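In order, the protein sequences belong to chains Y and A. In case it helps, the numbering used here puts the first sequence at residues 1 to 114. In case it helps, the numbering used here puts the second sequence at residues 1001 to 1114.
Be aware that a few hints might be false.
[To be verified] Output of the computed footprint for chain A on chain Y, the stretches with three or more beta carbons under 8 Å from beta carbons of chain A:
no., stretch
1, 44 to 53
2, 102 to 113
[Unchecked claim] Distance ranges between label pairs, derived from CB positions:
no., chain 1, residue 1, chain 2, residue 2, range
3, A, 1065, Y, 26, 29 to 37 Å
4, Y, 17, A, 1064, 17 to 25 Å
5, Y, 3, A, 1008, 28 to 36 Å
6, Y, 53, A, 1085, 28 to 36 Å
7, A, 1008, Y, 67, 40 to 48 Å
8, A, 1084, Y, 26, 18 to 26 Å
9, A, 1038, Y, 81, 36 to 44 Å
10, A, 1014, Y, 7, 35 to 43 Å
11, Y, 11, A, 1085, 30 to 38 Å
12, Y, 113, A, 1107, 23 to 31 Å
13, Y, 3, A, 1039, 20 to 28 Å
14, A, 1018, Y, 76, 28 to 36 Å
15, A, 1007, Y, 17, 27 to 35 Å
16, A, 1012, Y, 66, 45 to 53 Å
FYI, nobody ran anything at the bench for these hints, they're computed from the structure. Remember, it's a predicted structure, so these values are computed and weren't measured experimentally. Think of the CB as a built atom: it goes at the ideal place given N, C-alpha and C, for glycine as much as any other residue.
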Amino acid sequence: DAKTTQPPSMDCAEGRAANLPCNHSTISGNEYVYWYRQIHSQGPQYIIHGLKNNETNEMASLIITEDRKSSTLILPHATLRDTAVYYCIVRVAAGGGSNYKLTFGKGTLLTVNP
Amino acid sequence: SAVISQKPSRDICQRGTSLTIQCQVDSQVTMMFWYRQQPGQSLTLIATANQGSEATYESGFVIDKFPISRPNLTFSTLTVSNMSPEDSSIYLCSVMGRMNTEAFFGQGTRLTVV
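Chain A on its own, in the form it takes in the complex:
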C-alpha cells in the first residue's frame, strides 16, 4: 500500500487568490492523479500528474486554472488559481500502486472560497 499525505487538510480562502495543495507519497509511484469532489457529489478526475512532463487534463479542466507540478516520483502539487466560490470542494490526490492494480487516496483538502 501507499501512504499519502496532503497539505493543507483544509483552508478558507478569499476569492481571487490561489492555493497550492501538496501531495507527498511514502514510496515512488508512476501515476499520480488529482480529483475534485464538490459538495454532495462524486469524484471528478481533474488531471494525471506526469513526472517530467506536463499534466494530462480531463475535459473541462485547463492548466491555467489548475496548474500541476510533478518534480519527482513521490511528490506533486495542484494549484487552484484565481479562486471563486464555485471552487469550494474537496481536492484529493491519488496514486496507483506499484503493480498498477489499485489506487490509493489521500484524505483530501477541504477548500472553502469566500
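For reference, chain Y alone in the conformation it holds in the complex:
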C-alpha cells in the first residue's frame, strides 16, 4: 500500500490559512489522494480528493505536486471549529473491478488558536 507521511501536529491562527503537508512518494499513477478529518469523538469527515490536478471545493483546496509525490491541503480561513486530526490517504484498489479501500495513517492534529 502507498504510505503517507504527515507532521504529527500543527498550529494555526484563527482566520489565517492552514497549510497541511503530506508526502506520498510511493504513490502509483492511478491512485488518488484523499483528505479526511476527524473532530474529537466523531466519525471521519470527507474533505477533498484529487489525482493530478489541483482541486477546490467549499471546504478546502488540494495542491498536488507535478510528480505527485506530495500534496498540501489548504484551509483558506481556519476557524476554531477546524481543530481536528487531518488524515492524508492514498486510495488503493481492493480486490478486482472498481473496489477500493482507505488505509489511515497517523494524521496531523491541527489546532486553530484564537
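Dock chain A against the given chain Y, drawing on the hints supplied.
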C-alpha cells in the same frame, strides 16, 4: 451522501462475552467496511464486508474474533467475540458512495470491556 446509523453508540461489556454492532445505511451501497480506533490512535481497517460472500479481512484480523455479516446492500453487523480489555475501542462502519469516490463514516460504537 449516505447516512449511516450504528447501534449501539456505546456499551460496557464483561470480558469473555460478545457484542454485535449493527450498521444501517439509508441507501444501497456496494462496499461496506469496518474499522477499529483504539484510544489515542488512528483508524485501522478490520475488514471489507462483502454482500453475499465472506468478508475480506486485513492482516491481523480473523473471522473467529470478528465475524461479519452482510445480508443485503444496506446492512452489516460486526461481532467482537470473546472480548478482553484490549478490545476496548471505537468501532466504525464506513461505506463507499455511489460513485466509489468518497467514503462515509458512522459515528462509531464506543466499546469498553471490563
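Can you name, in rising order, the numbers of the hints this structure does not satisfy?
4, 6, 8, 9, 14, 15
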